[in-house]
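Both chains are given apart, each in its own frame, so use the hints to dock them into the complex.
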Amino acid sequence: MKKRVISMVLAGVMALSLCACGGSAAEAPAPATEAPAAEEEAPAQEETEAEAPAAEEEAPAAEEASSEPITLNMWCIATESDSNRHSYEAAIADMQAAHPEVTLNWEAFENESYKTKIKAAVSADEMPDIFFTWSCAFLGDFVQAGKVYCLDDVYQNYKDELPVVMLGNSTYEGKHYGVPLTMNIVGLFANMDLLKEAGYDEIPGTYEDFIKCCDDLKAKGITPFGCAGKETWCVTEYLESIIEKSIGAEELNNVFVNGATWNNQGIAQAVDTFQEMIKKEYFDPAGIGLTNDEVKANFMAGKYAFYMNGTWNCADFAANEEFKDKVKVAEFPVIDSSKAKLGQLIGGPSDTLAVAASSPNAERAADYAMELGKLICHYGYLDGCGLPAWTPYGDTSSVNPLTQTVSEIVANADSMVLFGDTAMTADDAQVYLSYVDQVYGSAIDGAGFIEGLASDLR
Amino acid sequence: MWKVFDMADKKTIKRKTDFKKGLDIFLFLLPAILLFVGILIAPIAVSLYRSLQKWNGFSPGTFIGFKNYKDLFTSGSINWMTSLKNALIIAFFSVFVQLPFSLLLALLLGRKYKGERFFLTVYFMPVLISTVVIGQLWLKIYNPDYGILNRALAALGLADWQHVWVGDPKTALGSVVVPTIWQYVGYHMLLMYAGVKGVSPDLREAAMLDGATNWQVDRYVVIPVIKPIIRTSVIFAVTGSLKTYDLVRIITNAGPTHKTEVPSTLLEDMLFLRNRYGMGSTISVMLIILCFAFALAITAAFKEKEY
Chain R
0 MKKRVISMVL AGVMALSLCA CGGSAAEAPA PATEAPAAEE EAPAQEETEA EAPAAEEEAP
60 AAEEASSEPI TLNMWCIATE SDSNRHSYEA AIADMQAAHP EVTLNWEAFE NESYKTKIKA
120 AVSADEMPDI FFTWSCAFLG DFVQAGKVYC LDDVYQNYKD ELPVVMLGNS TYEGKHYGVP
180 LTMNIVGLFA NMDLLKEAGY DEIPGTYEDF IKCCDDLKAK GITPFGCAGK ETWCVTEYLE
240 SIIEKSIGAE ELNNVFVNGA TWNNQGIAQA VDTFQEMIKK EYFDPAGIGL TNDEVKANFM
300 AGKYAFYMNG TWNCADFAAN EEFKDKVKVA EFPVIDSSKA KLGQLIGGPS DTLAVAASSP
360 NAERAADYAM ELGKLICHYG YLDGCGLPAW TPYGDTSSVN PLTQTVSEIV ANADSMVLFG
420 DTAMTADDAQ VYLSYVDQVY GSAIDGAGFI EGLASDLR
Chain Y
0 MWKVFDMADK KTIKRKTDFK KGLDIFLFLL PAILLFVGIL IAPIAVSLYR SLQKWNGFSP
60 GTFIGFKNYK DLFTSGSINW MTSLKNALII AFFSVFVQLP FSLLLALLLG RKYKGERFFL
120 TVYFMPVLIS TVVIGQLWLK IYNPDYGILN RALAALGLAD WQHVWVGDPK TALGSVVVPT
180 IWQYVGYHML LMYAGVKGVS PDLREAAMLD GATNWQVDRY VVIPVIKPII RTSVIFAVTG
240 SLKTYDLVRI ITNAGPTHKT EVPSTLLEDM LFLRNRYGMG STISVMLIIL CFAFALAITA
300 AFKEKEY
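Listed in order, the protein sequences are those of chains R and Y. Be aware that the first sequence starts at 0, since it is given in numbering that gives the first Met the number 0, and climbs by one per residue. Be aware that the second sequence starts at 0, since it is given in numbering that gives the first Met the number 0, and climbs by one per residue.
With the rest of the complex left out, here is chain Y (with noise of 0.2 Å):
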């Protein structure tokens, strides 16, 4: 008898320690929870009950059913698949060219090469400029009249190659790629230098003493060691690449017709210019919904090769 009320009694102790525990937990979470509901989840799901919606963003909503996602696959004034295809362009660009430029930066500054601090902040200095210092900084770049572009090709004797490079439909998209990826080369880069400095030095001199060169040591064994922060960068790129807008909206304002529109400069355009803010909010869902399938993807691709 003694024994069970011995027992009952620590059961009685057990729960109310772990009751306290889990609402210590709660209390100390709540916080957080209440921020990550009210600035993720809530505005989530006003964009998906608005997507639902015709809804002019002043007056009183009407309920349309799926009708604006139909709309944005098959109507011609929205050109969705036009600016889809400009992202997934830019995304392409990201993980196949800055990627693995930034991951060469940061290998060979990963090496203690003299100079290495100013490099890197060097590299680093375009992230921290402001995108409309950059944006400008490009269109006089690009500008056709005394731009230095045009005016080097003209110097170099190919002045056939001089362009209206944001005018042109063919050159538009191109010239805002490569500031894109320009000014983010210095943040992957830094990403990976990180992880190359976190490789243990004992790794590199074990395959130093197998007889590794430093593109050997770099190739099967840094890179398969930040194999995470790579992933990372890829997921940082394409979802980046997705929800690009500044530098589109300052260096060619989504054209010339329509030739450089990306979803979130449609989005912009559907909620404050058109006043079509159950379109816009469409919009933001199907970016939402493409970003998360992406990591998700990109995850999930980055696991089939870890063993």
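Isolated chain R, as found in the complex (with noise of 0.2 Å):
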């Protein structure tokens, strides 16, 4: 029950102090603790977790439109090796026993690869009528050509379970066109048997004593960090919260979403510091040339003190029955406490599921969809792949201790910035990563990435 609690006043917290696409700047909502707000909610909540709810019981008047056979078609990035794999199975399997007249046809396909597939399939007008995608300007561009079904209808439904403010990023000129899943922060991954050996029980909490850690696992022949320099996203995770830390959640989603110029010098000095940490070899060399997996692997072989990625790797990390008690979660340290402080996270809910506007079933699709990411959401929380935008129900003490850390963040979270190749459009965000890796490869340095940046994201 207390942890029911804690999971409502996290989602009143999370739906305050997201940075949302709109534009709108990182505001410092009260502590979760101080959440009137959210505390509010939590009785009608708890009337919802008594029992999972059911669109057919709230909807008699759908039920019998939606009556007839149907076949949609869906496509997401739950493949077999990602960590939201089981919550997609079970949400599923839910969904066909309670709405057998609707056969659904799924499909998963990997990461980068369905960035392109979708977006072929936009552009030939050949889209599943219920697709997975990312919320903010990916989702944004399809919007605004008018090939996604709006949910403004259908999300009268849900309101009692779905805050508003969790649309935030997928709301285009007042409109709702995504069904928000679990969302997630970049997390600062440990594996506590290593820093035991460099003499730390506990992740350091400012950036001197980290900095110090890192020595020290230098000293002891421990590489402090892993990063995979082959998917580019994985260097934002460490550099935008190296940004944040340095200049502050405001100012980073200025730059981010606001049209605030990227000739930052705080953002250039950020750069020098992250590159400064490559410098002094704090990075396995080796993962330049490494993708996500091999890295995470390698983390949790014990070749690494730390990781930092999403926090939807709890769900595997807390599977793993060696790494499971090895493996603590933090946020990064402030770096500048003139301008940052802790509570400034990078992330927020950006899995969406959303429905074509040229489905021949959008209405239906739609409602189901709806009730697909409420379950998904919550087979997600309980498995630990990210916290749930929707509200929670049920029993959700079996949510992994991971999870739960993260949780406490998010629940002492001042203010999040949402992924930078998220926030931005298709083109800016590909030319943004580009800088990104040339970073991460010292082919330039903090002066010539805002430059470069400032020139080319006019």
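Among the hints, a few may not be true.
Computed beta-carbon distance windows for the label pairs [as the list claims (entries may be wrong)]:
1. 47(Y) <-> 259(R): 36 to 42 Å
2. 441(R) <-> 296(Y): 34 to 40 Å
3. 340(R) <-> 74(Y): 36 to 42 Å
Looking from chain R toward chain Y, a few residues come up when the C-beta cut is under 10 Å (computed) [to be verified]:
4. 217
5. 220
6. 228
7. 230
8. 293
9. 297
10. 360
11. 425
12. 432
13. 433
14. 439
Bear in mind the hints are in silico, worked out from the structure with no lab data behind them. Note that the structure is predicted; figures quoted are calculated from it, not measured. The beta-carbon is built from N, C-alpha and C at its ideal position, and this holds for glycine as well.
Put into structure tokens, the structure is as follows:
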């Protein structure tokens, strides 16, 4: 029960702390324990907790209209190796039991290739009825082209379970187009066995201690970090956290979504800080030629002490019997306390389901996507794949300790800045990633980074 | 008068026959023409049209003239010149390393050594294996931790030569060039081997009777005879290099820092990651032009030396 209330509080705090694509600057809401709005929501939530709400019971009129057998197609990125796979399978099994009249054909594709596939499908008007997408600019391009079905009507049936603020990243010109699933932040994962070898029982909380810890790890012959250079988004998990903890969330958010200039000396210094860490050989030099899966496997095998990546990894780490007791998660320490503070995080709800406007059963697909999204969120949260965008229900006591720690971090969050490559338009995001790539490869320094981006992302 | 009627009649009959023949030819060619136009000409025409537009692939495009072509060469965020340079480097190694090696193998196998069929199959095998498999295979070879290359260097006491082969900007392109060349050696070898086998035994015997050695026979008899096949191989090697995509995407993903970017990976990024379908079309048009230009230049270069 306590955990359920915490979950409720978290949902409220997360909602308040989002820096949505709409461009609102990072705000500093009250901490979780002081969040009255969220707590007020809790009783209403408890009513829904008693039983998993089913759309069938809530919408009898819709039931009549939706009794005809139909087939829906869905694309997503929950491949066999994806942390979210189980939550999709469980959710789909539940949906098939609750809606035998709907046959769902679903296919999962690898993350990067999916970006290509879905864009080609949108371009050719060959989209599946329901598709996974990232919110903000990624979905925005499809919405702008009129390819996505508006969920405003169907949302009315779910507004008690899905806080409207969670729709911020998939709302365009006041209309909702996405069903948010789980939300995630960037976490600093640590292999505590390796830290203990260097004389640390906890992840250092200040930047000075953290750097000392890295030096101590190096002295023991342990590589502090692993980062996959072959997938540039992995580099952004490090770089964006360092920039945010150097210049603060508001300034970074202004640059990402509000059109503030990239010509920001604070960003240049943060980039130099990152490169200083590379020069000091805190990073595994082999990482530049590895994929995220390879780096993650190395981290789990004890090759690196730290691994900064999305908190969706909690599920995989917690599921590994050998590794789960070794790993802890924390947020990256503050580098410049005059501008940044703890609780400023990178992340937010980005994983989203959307419905194709061209679907012959768009209305029913929308309803189905809503229910499915709620279930994926539910199982994803239980599995530790992320924090819930939907109000949690049922017994959540089985949530793994890592995800619970993430929940506490988010509960104390001050503000969040969405992942840069998600917040920006597709073209800008690729230019940005290209510069991040050059930073990791030490082809340019901080000054080159800001000058290049200021010039290319006018 | 009779003769006049006769001539006119004959002309009419001939005209009718010619028309029928022409119609028959046209009807027989029609399916091929439709396929050619539908699959080749129409997409090129559409690409050309789209290359003059600013278009994100979803919304209506805006006509911008030749701005995409100008941006291709001037914009700092588009690595066209890097990609072209890399493709030409791959083409250089294909022509001056891969093809001579293929020719050498073809000439050796053409001498009817024992196990000719076996070696032919072995050398051709990489062509039959999926590029994805080959990419993964070479990734394992290059792996900085457990890859056989670094391990072999360490075992030979050359630990200083160890590299993060696909991650180091200095070695990344080389790490793509090697498997690319290795994979298609068998393909070109087979083309040339067919040519070598087609050389008349009489020519060989005549040269041998005149006292020529095996190498002299190859140099002065076989190679001149199979020159058209060598020309075809050069065209395939160069145009294939310009269109290189799969191994680059698998081995380096066009990184690090775009050091292994090639036109096809750039094209894909523009189309599907950056939503710049207009610019993507521009790159595809440039690729078509380059492939045609190189094919014509190579044909002309070989013609000059034919007597």
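Open item on the list: For each hint given before, does the structure comply? Return the numbers of the non-compliant ones in rising order.
Closed with: The structure breaks hints 4, 5, 10; every other hint is satisfied.
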